[in-house]
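Residue numbers (our numbering), protein chains in the order written: chain C, 1 to 427; chain G, 1001 to 1423.
One should not assume that every hint holds.
List time: in silico DSS-like cross-link candidates among lysine-lysine, alpha-carbon distance up to 30 Å [said to hold, decoys possible]:
| hint | chain 1 | residue 1 | chain 2 | residue 2 |
| --- | --- | --- | --- | --- |
| 1 | C | K111 | G | K1295 |
| 2 | G | K1295 | C | K139 |
| 3 | G | K1030 | C | K18 |
| 4 | C | K64 | G | K1295 |
| 5 | G | K1146 | C | K163 |
| 6 | C | K407 | G | K1089 |
| 7 | C | K64 | G | K1351 |
| 8 | G | K1245 | C | K107 |
| 9 | G | K1214 | C | K107 |
| 10 | G | K1214 | C | K111 |
| 11 | C | K255 | G | K1171 |
| 12 | C | K133 | C | K64 |
| 13 | C | K23 | G | K1214 |
| 14 | C | K354 | G | K1126 |
| 15 | C | K122 | G | K1126 |
| 16 | G | K1245 | C | K255 |
Which residues of chain C face chain G? A partial, calculated answer using Cβ under 7 Å [what the hints assert, rightly or not]:
| hint | residue |
| --- | --- |
| 17 | T66 |
| 18 | D144 |
| 19 | D222 |
| 20 | K225 |
| 21 | Y302 |
| 22 | G359 |
If you're looking for bench data, these hints aren't it; they were derived computationally from the structure.
Just so you know, even glycine gets a beta-carbon here, dropped at the ideal spot from N, CA and C.
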Amino acid sequence: MAVYYNREDLGRGIFLTKIYDRKFKSNCVKFAFITPLSERTACVNTMLQTLLVTSNAEIPSRTKLTTALSGLYGSSIGTNCSLIGDYQSVGLSASFIGDNYTIDGEKISVKVVRQLLNCLFKPHLIDGYFSEKYFNLRKQELIDANVATINDKRGYALLQAKKIIFENEPAGVSSIGTVELAEKITQEDLLRQYDDLIRNANIEITVCGGGNTSEAEELIRDAVKKLDRNAPGKIEYRSNSPVKAQVNVTETEMKVNQSKMVMAFKSSCEDIYTAKLFVLLLGGTPFSKLFSNVREKLSLCYYCSASYYDRKGTMLIDSGVETANIQKAKDAILEQVKALCEGDFTDEELDNTKKYLCGGFKSNYDSVYDMLGWFTAQNTRGTSYTPEQVNEMIMKITREQIIDCAKSFVLDTVYVIKAEGEEESDE
Amino acid sequence: MNKERICNSRLGESYTVVHHPSGLDVLIWKMDGFSTTEAVFATKYGSINNCFKTKDSEDYITVPQGIAHFLEHKLFENEDTDVFDLYAKTGANANAFTSFDETAYTFSCSDNWEQSLEILLDFVQKPYFTEQSVAKEQGIIGQEIKMCADSPERQCFYNLLRAMYVNHPIKIDIAGTVESISEITPELLYQCYNTFYNLHNMVLAVAGNVDEDKVIEICDRTLRPCENPNLETRFPEEPEYVAQKRIFQSFPVGLPLFNIGFKCKPYEGRELVRMACITSVTLHMLVGSTSRLYKQLFDDGLINSQFGVEVFASDGVFAPLISGESHDPDELFRRYLAEIDRLKAEGFGPKQFEVIKKMNFGELVRSANNAERAADYLAESYFMGTDAFYESEVLASMTIEDCRQALETLFDKEKAAISIVDN
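The task is simple: from the sequences and hints, build the whole structure.
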C-alpha cells in the first residue's frame, strides 16, 4: 500500500498524525479533544463544539463563514463527537478537495485550515461571552436533539439500554445529556469547559487524504504551539465493564409496531481481535449464527446483530422482534451463544468470517474517513497496526481461542421495549 | 463487441462502456490505487413499475405493489444454496436495494473479486421461488414494513408523496403493504422477473480495483444472451395539481417533522440530469445553508441542523424538496413561499451563484474519491440515459439565467404541498 503514516508527539499531550495516500482527491483535518466522560460536562462539550463551528472572531457570521467555505469548492467544517469507552472525544474537522483539483489552481487548503483554527482557537466572543443569539439557538438545538431521540426507535433502545448496561460508569452517559441538563447550561459552563479542554484535554490532530498540505500543517503547528497547556497524562482507554451480580432484566412499553430487545454480554477477554472475530461469527455477517438461524431459519427477528465495544469488553446484541416472539427470540439468541461456547461451528464458517473481517479491514484504505477512523482507533489502543498486520493476526486465530473467548462472555443485561398493549406468547 | 471510452478532463477520470453481445451494457471504471472492487448489477425496475407490457403480451398487465422489493429479497435464495453462503467463501460484503425505479445487487470486496462477480452474475440470473419460500418471505417483509411504520421520518416523506401525487404509484411504500404482499405468488414473481430481469433492461457497473479484460471474460462465461422483449411500462395519468396542500399525521415525535415539495412536470434522459442539476443549484440558492432564507429560519429557531434539501426525481416525477424538524412547520412554509415570491421579483445574486456552482463541483470531485459511489453513480446515470460525467458538463455551462427560469417555472405556489408529523 502506498500509504504514508506518521505520528508525532508535539508535547504537552498533543499528537499530530499524518496519513497520506496520493490516490485521494480530498483531505480531512480533524482536531479531537479527548476528555473524561462525565454527566456534568458531556453535553456542555457537545454544545460547545456546535458553537465553535458556527462562527469565529474573523468571520463572526454563520452565513458568511458557510459561504466562504462553500466558495472554496464546497469545503466544510463540522463537529465530531464520539464516545471512546469512558472518554468523550469532541472537536472540529475540515474537509476540502486537493489544491490540484481546483479549476484555477487556487490553494484552498491553507484558507480552509486557517478557518478551522480560527473556529477552534479564536472563537467569536462578545465581551468575553459567546454571541447570545447563537448560544440560545444551539442550546435549543441540544434540547431538541434530546427530545428527538425517540424518533429512531432502534437508537433509542440502545441509548436506554446503555444507561443500564454501564450503570455508574462514565460509558453510560449520553453525549447529549438530558433535556434537564441541557436546559441548565450557562455561558459560564461553556467558557469553563472550553478553557478546560484547551488546557487539559489530550489533543489528537489528524491530517488524512491526498496530502500536499505542508503549508496547512505549518499553520497547525504554529497554532498549537501558542496554547496555554498543562501536560495531561496518558489515557488508558480500555476499562472493562464489571459484570452485574444478577442479570438486569428491564422491560418498558412504548407506542411502537415492532418491539426492540438489547442484550449485553461482558467479558474480560484481553485479545480484542479474537473477540471481534467471535462477535462477527455470532452476529456480524449475513451468514452469521444469529442472521442465518434466528432471522432466516426461525423468522423471529427482522434484524438481529451483534457488535463489540472493545474498550468496555462488552458485546451488544440488538434485535427488532414481534412482541409475541420476545421470549422465543431471547432463547434462540442464547442458544446460538451457547453453540459457539461448545464449539458448534465449522472450520469453514470460521475461515469465511475471517475473510469477511479481513476484507472489511483492508477496505479502510479506500476512504479518507475510514482510513482516518482506522488509525484513530489504533492510536487509542496504543498501537499503529496496518490493516494487513491485523489481518495476519486474525488469520492465525484458532477455533480453541474462539471457544475460550465465547465462554468468557457473561450475560449482564436484557433491555426490552415492548409494543404497548401487545402480549407475549405463552408458548 | 462494441466498446466506448468516456473521459472527463476536469476530473481526470475515465471509464469504459462495453456493449456485450448478450444485450447487457457493462461499465468499468478502473480507479488507480484503490484496493476494493465495487460491483452493481441492476435492473431498471423499481416499486413504481407495476403496469407493463412486452411484445409477448397483448395488453398492459397490472400486478400488486411491492413485487420489485420482494424479488430483491427472494433472489438471494437459490434452489440449492443461500447466496450469502457463496459470498462467504470469497469474503465479499454483499447487499441489495430497491428504490422507486431501480433494483440493484451489489458487492464490495478487497480480494477475489473475480469469483464474487461470477456469483453476482450467476445468482441474479437464476430465480427460484416456491409457495413455501414466498410464504416465509411474506413474514419477514411484513416485519420490515412494521419496522418502517415506526419511523416518523419515513411516514412524513411518504405522506408528502401522497399529498403531491393523485394517481402515480410513487406514493406507495417501496415495500408495498402487508395486504399487497399477501397477494404475491411464485407465478407473479416469475412473471415480473422474466419481464424486468432481462439483460436489455439491466446494467453492470464495476469500479475500483478491476481489470477490464477479466470482467469481459467473466461476462462472456456467465451471461445468458436474451432477446429484447421490447418492454414498455405505463403510469396512470397524473394531473398537474396536487392531491392536497397540507397533510398531517399524529405520531409520537420529539419535534414536529416536515417535508415540503413542489410538484413539477417530469423530465427524461439528459434533460432530466440537466434540470436536476439546475434545480439543485437553484434550491441551494433559495434555501441552502448560504442563503438569506436559511439564515432567517435558523436565527429564528425554525430549522436546525437536521434541515436538508433534495431534488427528487423518478419516472413521471420531479420535485424539489426540503425537509427537517421545526417548532412551527406552517410558519416555515409561509416564509418559504414568500421568499420564492421575493426572489422571482428580485433575482439571485451572481456571487452566490458562483459559490454554489463551485460547491457542486467540489462534490463531483469528491465522488471520484470513493469506489462505491462511483459504481452507484455509473449505474444511476446509465438508467437516466447519460454518462457519469454529464453532470460536470451541465455544471460548467450553467448560467444564472437557467436558475432564474427554473425558479419561475418549477416553484409554483399552487403546486406546493407540506407534510407534517407531530404528536
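Outcome of the hint check:
| no. | hint | in the structure |
| --- | --- | --- |
| 1 | C:K111 to G:K1295 | 23 Å, holds |
| 2 | G:K1295 to C:K139 | 17 Å, holds |
| 3 | G:K1030 to C:K18 | 27 Å, holds |
| 4 | C:K64 to G:K1295 | 10 Å, holds |
| 5 | G:K1146 to C:K163 | 27 Å, holds |
| 6 | C:K407 to G:K1089 | 27 Å, holds |
| 7 | C:K64 to G:K1351 | 13 Å, holds |
| 8 | G:K1245 to C:K107 | 48 Å, violated |
| 9 | G:K1214 to C:K107 | 40 Å, violated |
| 10 | G:K1214 to C:K111 | 44 Å, violated |
| 11 | C:K255 to G:K1171 | 25 Å, holds |
| 12 | C:K133 to C:K64 | 16 Å, holds |
| 13 | C:K23 to G:K1214 | 23 Å, holds |
| 14 | C:K354 to G:K1126 | 28 Å, holds |
| 15 | C:K122 to G:K1126 | 62 Å, violated |
| 16 | G:K1245 to C:K255 | 28 Å, holds |
| 17 | T66 | 5 Å, holds |
| 18 | D144 | 5 Å, holds |
| 19 | D222 | 27 Å, violated |
| 20 | K225 | 31 Å, violated |
| 21 | Y302 | 4 Å, holds |
| 22 | G359 | 4 Å, holds |
The structure is inconsistent with the numbered hints 8, 9, 10, 15, 19, 20, although it conforms to all the rest.
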